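Enquirer: The residues making up each chain are set out below.
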Amino acid sequence: MSQKFHPDNYKKAAKAYQPKPNLLFNCSKAFIIGGLISVLGQGLIDFYTNVFDFTEKEAGNPAITTLILLSAILTGLGVYDKLGQFAGAGSAVPVTGFANSITSAALEHKSEGLVLGVATNMFKLAGSVIVFGVVSAYVVGMIRYLIQQWM
Amino acid sequence: MRKMGNQTWLFENKIFVSETATVSGPREKEGPLGHTFDYSYDDLRCGETNWELAERKLLQHSIDLCLQKKKITKDQIDLFLSGDLLNQNVTANYVARTLPIPFLCMFGACSTSMETTAVASALVDAKFADYAIAATSSHNATAERQFRYPTEYGAQKPLTSTTTVTGAGTMLISRDQSDIRIESATIGKVMDYHMDDPFDMGSAMAPAAYDTIKTHFQDLGRTPQDYDLILTGDLSAVGSPILKDMLKEDGFNVDDIHNDSGLMIYNSEQPVFAGGSGCACSALVTYGHVFNELRKGNLKKVFIVATGALMSPVMVQQKETIPTIAHGVVFAREEMN
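Chains as they are written, first to last, in this note's numbering: chain H, 1 to 151; chain X, 1 to 337.
Hints listed in this document are in silico derivations from the structure and should not be mistaken for laboratory results.
These stretches of chain X come out as covered by chain H in the derived footprint (C-beta under 8 Å, 3 or more residues): (1) 143 to 153; (2) 158 to 167; (3) 236 to 245.
Every value quoted in this text rests on a predicted model; they were computed, and no experiment measured them.
Cβ atoms here follow ideal geometry from the backbone N, Cα and C, with glycine treated the same way.
Start from the sequences, fold in the hints, and give me the full structure.
Expert: As structure tokens, this is what we get:
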């Protein structure tokens, strides 16, 4: 065997055989789908402010809740994973992606029962987002507090 | 002589594939080999309430079909060898509890088809058993849950990833003459070429297939010209060209006779990334299509090399590289008198 496929060099040699992702195309897809989800969110905010007399600040919560509901329904219908394959980060980063991670894990573990299956596992993927969300909010809050004390 | 060279068993008695049965899921039915399976379910759940039950139904169904086709009863079988991809091999173990047959459970990841076939053949050859069944299964949704993400999770998979085949294959092995003789087997060593991406098992497993095929040629003094087909299990579109180039460097050109089960089971329009994988991938293609061709005489001698990636998600998270293995079995057409 030549040096090319030697175990120490193999990882490099194998790279030549692996199909390269089309970064520009993938980024465009993510941008468009992520943008469309955001446009939908804005549409919902406008809908809740105009039809239900929410203030713009208040309308955020029902708009997000509606997006979560839509995402959960699409996950249950088996559509969201296909959207995720197409859009990548475009459908993973918005709140709909977060809802999908919870719904899909809950569905997956339904067979093990409501408590030890669904309830225990539904935050399996989303848990890390919550942990780092809370920790970073705490750190940023502390920094802000300290700066305010000094100023 | 039974042991040849370092890793190869040459069976002394004539042992045969008495019967086979294949059962597939819906996506495999739509593939180019769909017509070669004995039965295909139109529903991924196979009429069951969860994925694990569905996989068990596939395995159970393929065993029942195999015995029915051969018109043999369960109590005539001396030994049952089986394995799958799930923790504690639950599919094989839970199906075995319904069978009145002594049972050996095996894990070789996607190499299980040829692992069980090689060991069952050796035991039939040595007359520890007259009739042995070797069976394996995999299910797309159980494998996703075991190794990847929840099935409905919207994560983007890279182009190097493979699609786990839903199906099960069973082979009945005995010394009763049939069209297909099991001639020899080469047991693989675990190889690790420092690959660590669980979404690229083709690259990780190519060195294992290379080592087993090269050793097989050396142990028996053979060349690729001795075979009509060398079929790997699930190296996919990424691992297959690597294997060919690795063998070429040692002077073995397999360009015309190599194929990969993972590249045969689906058609190019199906959204399966780099190809099929899973225990059932090599089992469905070999026990269905390849054996049909041997029976018809279109193929005379084939070397089936099932490849397996022996990782677990915990080991991957602990930054371990992926150990891989490949086991090969030679099947030859036997002219019936």
